[in-house]
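Put together the whole structure using the sequences plus the hints.
In the numbering used here, the protein residues as written are 1 to 569.
Do not take every clue at face value.
What the hints assert, rightly or not - With a straight-line Cα cutoff of 25 angstroms, these simulated SDA-like cross-link-like pairs (lysine to any residue) come out:
1) Lys397 with Asp472
2) Lys57 with Gln14
3) Lys170 with Asp261
4) Lys170 with Lys262
5) Lys216 with Asp146
6) Lys186 with Thr137
7) Lys443 with Lys512
8) Lys170 with Glu421
9) Lys262 with Lys512
10) Lys351 with Tyr380
11) Lys512 with Lys354
12) Lys186 with Thr228
13) Lys216 with Asp36
14) Lys216 with Lys149
15) Lys492 with Glu421
16) Lys354 with Arg441
17) Lys186 with Asp146
18) Lys262 with Glu302
19) Lys186 with Thr278
20) Lys443 with Arg395
21) Lys216 with Leu69
22) Lys123 with Ala102
23) Lys57 with Ser209
24) Lys149 with Ala104
25) Lys308 with Ala560
26) Lys262 with Asp472
27) Lys216 with Ile58
28) Lys170 with Ala225
29) Lys512 with Thr468
30) Lys492 with Gly444
Simulated from the structure, these hints should not be mistaken for laboratory data.
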Amino acid sequence: MNEQRQQAYLNLIQSLLNCPSGEEAGILAVNQELLDAGFVQTVEAVAQMFSQQGDEKIANWLRNLAMQLGEGLNLDTKVDLQSLSEEERQAYFQFLGEVLQATANSNGDTQVVYPLLAENTDKLDGVLAEILRRWVTEALREEEADLAKYVAGTILHFSNLIAQFPLGDKGSNLEIAITGYEVVLKVYTREAFPQDWAGTQNNLAAAYSNRIKGDKAENIENAIAAYTAALTVRTREALPVDWAMTQNNLANTYTGRIKGDKAENIENAIAAYTAALTVRTREALPIDWAMTQNNLAIAYRERIKGDKAENIENAIAACNAALTVRTREAFPIDWAGTQNSLANAYRYRIKGDKAENIENAIAAFAAALTVFTRDALPQYWAATQYGFANAYSNRIKGDKAENIENAIAAYTAALTVRTREALPTDWAATQYGLANAYSDRIKGDRAENVENAIASYTAALTVYTRETLPIDWARTQNNLAAAYRERIRGDKAENIENAIAAYTAALTVRTKDALPIDWARTQNNLAAAYIDRIKGDKAENIEHAIAAFAAALTVFTRDALPQYWAATQ
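This is how it looks when you write it as structure tokens:
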């Protein structure tokens, strides 16, 4: 690559990192001539450097930038090997030869291969993936069948290793693994080597499930397609253990599917987990059985079809079953994970005593936190703190004011890990929960509490956009409106205008057809805001309020929802 252009790329990256927040788009706009595949590759390389230095905040920001440029701006990010110097190309070729030889000689021993990878993390990038694709594909065409199978086996081992390699850039490592699996499948065909083909399809699916680059929804579709392909060979009759493993993996992928009908995706997941459990029994495969029971519990908790109360009972039963194997002594991390799942199931439980269910949830979250510490497992710790906070927010027993203080403390703790840069969606969810807690807060200065709530709702809305997460966006708009109605600071009339605007915005998603109860609640809230309105014509405001109350009553009927009906009346 031209050194002068490379320096220009680095200068541009430095400008983006140093500029005030919000000015990035302007800087990119005046540097359009530098926005090409080479720049994207340089951004990824710099992200990897920051990651190695332990600065994940900047590394993740740069990764997001590279992804946006590569996809949003439709840049061609395919590596151009001709842009490399001969010396650079030879260095990559030599490294690839060395690592494949080490993999072959050691039969894929991590003790041998990982140190070699660790010494060459600067070469674990798109260039290596492209060289692997071109060089090996061409070489395999010219080899005898037996030798080609041997080489393919070595590449398969290497792909498995690089997919799990903990150092370097995770996104780039997975790209290299995916490339390797795709190369292997040119030799391991379904006709010639059906079991090897199916195993490689399973591994390719796992890599796509975890893929960081590319379109998330499309990655999941590729994973489902590969798992489904594997199951044409991995049948229950021929390979029951492999079949059950792939069914479990397929189910995991369906639970995270973005495309398709959400309810149907969960049904497919439950069906696949249930199928896996016909082989993964407690007697024959207790660890796998417990894992699938835990996964099944999550699917039942999120199930849309069927009776909601019964679904949650099934989730609790599956968690408790898993915990008969996943004990704290034998499998502490798995035990903590299932405690977390059990806690969430109790949070949403319909049957039983509501107050007791929340106590059970708090106890299970607290148990999980004895293993999920901030130092050892920060993301799991933060997720559990978030659940803990939600449970305390809804707690019936204990002192109400103290419960809210505990919730605020746990949300705030979670935000030390769930940052906007590293985990934007989780950050937004936690900001939303924190805002609700501040809205309900009893202790502290009321005016300050409302300001904190508005600040957190507003923060959440920087991630919860109408385009990307419309339901979360609308829910946050509704609650932000309520905070503006209760606001003490600022101009009263303007606060109510902000409330009306936010309620109106929420109703663009919360429609009567799509979300009738949420629509009616927001109509009710909007009516109350119009009654309090200072600006505008008083008579007209009252007419708006009456119309909104009347709209709400088309859903809040005496027979269906008597409490809401009475409140609206």
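Legend entry - Earlier hints that do not hold, by number: Numbers 1, 3, 4, 5, 7, 10, 11, 14, 15, 19, in rising order.
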